[in-house]
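Protein chains: 2
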Amino acid sequence: MGLVVQKYGGTSVANVELIKNVARRIISTKEKGNQVVAVVSAMGDTTDELVQLTRQITPKPEPREMDLLLSTGEIISCTLLSMALRAAGHEAVSLSGAQAGIQTDAAHTDARIVAMNPGRIWRELQGGRIVVVAGFQGVTESMDITTLGRGGSDTTAVALAAALCADRCERYTDVDGVYTADPRVCPEARKLKDISFEEMMELAVQGAKIMHPRAVEMGALHNIPIVVASSFNDAPGTLIHNEVTMELQSKIRGISHDTDVAKITIIGVPDRPGIAAGIFEPLAEKRVSVDTIVQNASANKMTDLTFTVARKDLDKAMDVIKPLVKSIGAKQCVADSTLGKVSIVGTGMQTAPGYAAKMFRTLSDKGINIELITTSEIRITCIVSEKQVVEAVQALHQAFRLERVA
Amino acid sequence: MGLVVQKYGGTSVANVELIKNVARRIISTKEKGNQVVAVVSAMGDTTDELVQLTRQITPKPEPREMDLLLSTGEIISCTLLSMALRAAGHEAVSLSGAQAGIQTDAAHTDARIVAMNPGRIWRELQGGRIVVVAGFQGVTESMDITTLGRGGSDTTAVALAAALCADRCERYTDVDGVYTADPRVCPEARKLKDISFEEMMELAVQGAKIMHPRAVEMGALHNIPIVVASSFNDAPGTLIHNEVTMELQSKIRGISHDTDVAKITIIGVPDRPGIAAGIFEPLAEKRVSVDTIVQNASANKMTDLTFTVARKDLDKAMDVIKPLVKSIGAKQCVADSTLGKVSIVGTGMQTAPGYAAKMFRTLSDKGINIELITTSEIRITCIVSEKQVVEAVQALHQAFRLERVA
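Protein chains in written order, with my numbering: chain U, 1 to 406; chain X, 1 to 406.
Derived from the structure by calculation, the hints contain no laboratory data.
Heads up, some of the hints might be wrong.
[What the hints assert, rightly or not] Here are the simulated BS3-like pairs of lysine-lysine, each with C-alpha atoms no more than 25 Å apart in a straight line:
1) U:K387 x U:K366
2) X:K60 x U:K30
3) U:K251 x U:K366
4) X:K20 x U:K60
5) X:K60 x U:K20
6) U:K60 x X:K30
Turn these sequences into a full structure, and let the hints steer you where they fit.
Dropping the structure here:
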């Protein structure tokens, strides 16, 4: 009994049969006495197809126009789902992001939610209806349609759960939970019963394609428990929440990896205040998302600065960096796009110093060279050659015995 | 120089190349010093494809959901057109019906415009931008998306032209003007330079698929000159307006035909007040659009009542009529779905009595039996066998010498 927000990803609503399947799942939740708000992504490849159309017209579509165009994808899936619910005998109504009261700033293609006005949703729920909301989209104060960028539909769902004070948010895709490592890479990987927001955030940021970190962050902020599960079966998923069972503390919870890493190193950077800002501000202006940043200790007032970006952004980043090298008085810059990264994540890592050593030893025993190391309180990340990423994940999974239930 | 509203139909924006072609046409109008508001229909078969999707889910989609779904078709074409204009170096912005301020009643799938709030369009025009509006759609007071039903995009264009006090409305499709008869049926048909609103309305109602009568009516009401032309060439189109050149008065202007006619006759209807209302009210409730109605002179307090409907509505109409036959005390009802109609249209027909006689004689000479006759001030319509419609059009075109410029 309660108010449940369910989010269904693009693969879960990829065709009419799957939409009917999702309708059955929603009805089953409703029939247990819950009020249900469902958030849907666009059907399968709809968004890609729309992007393809724009490519035939212009290499640089105007972001505002792009948003209005792409918003149609989620409207199509949400109206079809609402029809499927009605065809199965349940009152339902579909709402666009604007109708659902999701107000955003005007940063088109990557808008942030600034206010939630869920009055219409409340009225529909009071009327006994299932509410289906188009994910990924909102509306500005001046009535322009925006999209929320990567992880947008996840963010819609968690934001709605927060605004509606929902009892929980359930997030369905074709992946049935959070694993200790990617099961496609590491067959011994085990599904976790639960995981903390912080651990999930580190896993998500570090490349586990389960749920966007932005949505996890919002869940943490508003303390909305999120269940990650599959819409294709009834296996229990993974609960992302605040309280993690005591006996699981101080353990490595999972290994994430990412093979989409490019590294840029600026060699011989003069070590004076303002240099880093002078490098990363122009990158931010060009909307290049910088991941790991490492600056080596300075010797002779000179330092080397290394950072990583997604591969698709490498050319754009180099276009920014190359002219900067001269102007800041650095020696040169070099790029490497053949890298990947592997991270171990777990709460309490910092108070148990053996983890880092064990990670480095494990990689070394396999002959894997570590290019870069960065750490957070609950994560250690190594940048290694892309070719050795899979081997690294498998070795670490075995070394930390993640196949065992703690 | 002025403010021009241009409307492009689905065939004119059916693919990316055609959208670019439309962009060039708009730019050429703009470069002559005009402000341009373009209204677009959905690309080619988009709407049909969306309807197909709903068919796989439910035979009776909820009209509100249907409207929200179908509204995406025009949004896709209008954003792509706006991108094409920008790619060609012109500032442009696309607006949904809601953003364009087209407010309607809540009669989903067949909404009527109740108010136009073109503030946003004005601001965009002031900013020097070309405005592209999604046709066929509006929004209710409670922010629900509606569609305008048949002829919806034409209606959007003429309503915008009226609200913006535009100098003219140009309506582009794959047909390059109004002809004296359908050129596919009558090769001698001649394109008209201009035609009055009233004549166009009669032609449109009677089956010329050029422009929806609803939009023509709105043009007449607000005195908005409408140019009907092709987006595939630069041939001059036909101007629909109030003033028709004097020497063209008192002439047959065109012949329209329609092969989508079904006839229902109720035989032996008691001739007392309220009977007609008792028949046509239930039909209206089922949204059956009745075209021609003819009631024969009453003899012995009994009369025969005949009316025509579109063939797709015949079953629905018979479902309504059959139970009524008994309850009103009529004898029986019979249906015929093998009919078509042919009309001659022209101002001043009433004051020149020879036209009707000439029409009937022409048909008779060809051995074409007339099932029903109806007339208006500027039109004479004969219902004949569907098989003889083409022959009737050709014979009448020749008899009235419409191939000659008056």
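Hints, one by one, checked against the model:
{"no.": "1", "hint": "U:K387 x U:K366", "in the structure": "holds, 13 Å"}
{"no.": "2", "hint": "X:K60 x U:K30", "in the structure": "holds, 23 Å"}
{"no.": "3", "hint": "U:K251 x U:K366", "in the structure": "holds, 23 Å"}
{"no.": "4", "hint": "X:K20 x U:K60", "in the structure": "holds, 15 Å"}
{"no.": "5", "hint": "X:K60 x U:K20", "in the structure": "holds, 15 Å"}
{"no.": "6", "hint": "U:K60 x X:K30", "in the structure": "holds, 23 Å"}
In summary, this structure violates none of the numbered hints.
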